[in-house]
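For the sequence shown, this note's numbering gives the first residue as -17, with consecutive numbering after it.
None of these hints come from the bench; they were simulated from the model.
Please read all numbers here as calculations on a predicted model, not as lab measurements.
Among the hints, erroneous ones may be present.
As the list claims (entries may be wrong) - Here are the in silico distance ranges between beta carbons for each label pair:
hint: 1; residue 1: 4; residue 2: 126; range: 44 to 54 Å
hint: 2; residue 1: 192; residue 2: 703; range: 25 to 35 Å
hint: 3; residue 1: 174; residue 2: 37; range: 45 to 55 Å
hint: 4; residue 1: 599; residue 2: 692; range: 42 to 52 Å
hint: 5; residue 1: 218; residue 2: -8; range: 30 to 40 Å
hint: 6; residue 1: 378; residue 2: 458; range: 35 to 45 Å
hint: 7; residue 1: 54; residue 2: 168; range: 30 to 40 Å
hint: 8; residue 1: 4; residue 2: 493; range: 57 to 67 Å
hint: 9; residue 1: 532; residue 2: 567; range: 16 to 26 Å
hint: 10; residue 1: 432; residue 2: 234; range: 45 to 55 Å
hint: 11; residue 1: 677; residue 2: 64; range: 40 to 50 Å
hint: 12; residue 1: 532; residue 2: 713; range: 38 to 48 Å
hint: 13; residue 1: 174; residue 2: 691; range: 42 to 52 Å
hint: 14; residue 1: 168; residue 2: 34; range: 41 to 51 Å
As the list claims (entries may be wrong) - Cut-off 25 Å, straight-line C-alpha distance, at most; resulting in silico cross-link-like pairs (DSS-like, lysine-lysine):
hint: 15; residue 1: 88; residue 2: 121
hint: 16; residue 1: 425; residue 2: 88
hint: 17; residue 1: 246; residue 2: 455
hint: 18; residue 1: 165; residue 2: 239
hint: 19; residue 1: 165; residue 2: 121
hint: 20; residue 1: 112; residue 2: 425
hint: 21; residue 1: 302; residue 2: 239
hint: 22; residue 1: 425; residue 2: 121
hint: 23; residue 1: 304; residue 2: 242
hint: 24; residue 1: 353; residue 2: 165
hint: 25; residue 1: 304; residue 2: 246
hint: 26; residue 1: 165; residue 2: 304
hint: 27; residue 1: 167; residue 2: 304
hint: 28; residue 1: 302; residue 2: 242
hint: 29; residue 1: 353; residue 2: 691
hint: 30; residue 1: 88; residue 2: 353
hint: 31; residue 1: 112; residue 2: 353
hint: 32; residue 1: 167; residue 2: 353
hint: 33; residue 1: 112; residue 2: 126
hint: 34; residue 1: 359; residue 2: 126
hint: 35; residue 1: 165; residue 2: 302
hint: 36; residue 1: 112; residue 2: 88
From the three backbone atoms N, C-alpha and C, an ideal C-beta is built for every residue, glycine too.
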Amino acid sequence: MELESGSTNRQSRLKLYKSTLILAYQSFGVVYGDLSTSPIYVYTSTFSGRLRLHEDDDEILGVLSLVFWTLTLIPLCKYIVFVLGADDNGEGGTFALYSLLCRRAKLGLLRPSHSTDDDISSQDSCLLIKETRASSLLKEFFDKHHSSRVVLLLIVILGTSMVIADGILTPSMSVLSAVYGIKTKAGSLHDSYAVLITCLILVGLFALQHIGTHRVGFLFAPIILLWLLSISGVGIYNIIQWNPRVVSALSPYYVYKLFKLTGKDGWTSLGGIVLCITGAEAMFADLGHFSQLSIRIAFTAIIYPSLILAYMGEAAYLSKHKEDLQRSFYRAIPEVVFWPVFIIATLATVVASQAVISATFSIISQCWALKCFPRVKIIHTSNQMHGQIYIPEVNWMLMVFCLLVVIGFRDTDMIANAYGLTVIIVMFVTTCLMFLVIVMVWKRNILAAFIFVTVFGFVELLYLSSCLAKVAKGGWIPLIFSLIVLSVMYIWHYGTLQKQSFESHNRTSLDMLLSLGPNVGLNRVRGIGLIYTNVLSGIPPMFSHFVTNFPAFHQVLIFVTFQFLTTPRVSANQRFIVSRIGPAEFRLYRCIVRFGYKDARKESYAFETDLIETVREFLQHESDDGDARDSVSAMPVNQPESDCLRDEVSMRVENCSGVGLTRYKRVRFRGVDNSKELDDLEDAREAGLAYMMGNTCVLARETSSFVKKFAINIVYGFLRRNCRRPSTALGVPHTSLIEVGMAYRV
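Generate coordinates for the entire structure from the input sequences, incorporating the hints supplied.
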């Protein structure tokens, strides 16, 4: 038995090692494309300003030392050691940190109203972690000052908008820098031709997005590995050939010496040096597709040493060829391997651009799920990987903006200034959120959080100050773009919340609806009616408005509410919460359909089939277990049983209780025979389905302020009219759709 147990354990360990190494291999093409291609433009951007006046060996070695310690502190120490551990059930990124704070520390504004259960996806959410004094004080502060929650959301949206801006600047900067390398061998080539080639590559790149990254993904990792092998090999050659003494630049003394010799010019050069860590945030943002261990292995074993060798080799070459500072990367490549490396560099920049574009699609999908972005068309390009998506509207807008940046600036120095500012703002937002996670989620000593923020925040603020000094020289691009995106996201979220608040406060009770029956002569027609609503209890005002003017509805009614939670994914067995509204003879049901912000939504037909099947299982379960021995309903005890909630029962089973979680009480089903009800459901199903949803116009009250009128009437109204209609987004057949028009004054 012991031999068999040992053999099984050994096989499981080997399987784990194999899967981890495979994930590490795949991460090269998805995670590290941007970070790996940064040597193409770091030295060129750094010496493009006033630092070009300082061309001694000490300045070159000082820049190398800064690059080395920046790579060591930010990607290696901050992300690999600390930030990767702050995952949200395996997911990473800005929204993952915010999701943790929403659920575990209750700091968010994105929690669904009247949420039945927002902490369903993680087993450890049931564990009680002792509050510290610091976490209690911070929580009390956020509870007392609602505006602090708004500020926190705005910071998260700022970081998100900068990531979207990165989706424009990375392809522009990477591809243009690679193509400009051809001028090393063809100096007479006009810049317009390089710009034209770049535009053609970008158009081709965005035109191929619809086929999905999974079709060409197998090429990505080999390209990046070949690229890393090339730059590390060239780096070793240059170190040996030109200046082995560059190894001494690993000492931080050269950083001190650089600033002593260059002063303010050295500080302004930080905007170029920060480009060496572009793409470091992707290690955390793309965590959901890999594992912490695989990303750590790939970076520490391959990426980090390869980049250090590449930068050291380029510095060694520059120390003997100071006249080549403006084209240092391509000049440092030996003649015999120039064209192969140039081709690999161009392919690597395309891979880097692809990874950032895919990440932009992913984060916009998350924003849409959390009601922070207008409805867009989301196409899942892979049946195996739900994270691989394509958003046509966003794709073509990114392409247009990329072309405008390339054609409008033509200068990699100005694009680099914008690029650096984008990167460092995203990283600083992550640092700020990590402070709250360390104190309020991990419940660590506040001193540890202060040390984390002091060390990494100081370095990032130093770079941020240098990048802000270059706002007039291209840094304004991400600021203007992110301001527009931030405004759109926040106004959309605000308008959506105002709409849901109106519906929640104006819902009607079942008794009030039924009291209309004798007066208006309510009739029931064959079929199933799916009423899409945001109201989680009671009757939505849209349906009451419809019945008042057209007193008839289907023999079976199901009120469907989509609930997007601040958790990455919801398991299939927790997807639906089915409950009954009123007595059995009414044939009224409510179904809450829950999704995580990274869940894939099914096609309309498959969803309807699952929904009706779940209702049927609910009725069978209620009939078979009428004594309620195994049935428990989910009804919050801290919520009064109003007319809207009375007589509702659910088949959800709760086994988790603790601080910060909703407590549930047991409600016994009535022991009734549901065979007639099941027959009616099948009969209605055969008769067909009809869909009803509101076509609402949200307007600010006459007494509202000018700012609110502008945000709701102008901006939100424009976005609502020009985004995808709810029926189109849900795939509802037009011939079976009933839309009820209403005007909401909020």
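**Q.** Violated hints, by number in ascending order, as checked against the structure
**A.** 3, 6, 10, 12, 14, 18, 19, 24, 31, 32, 34
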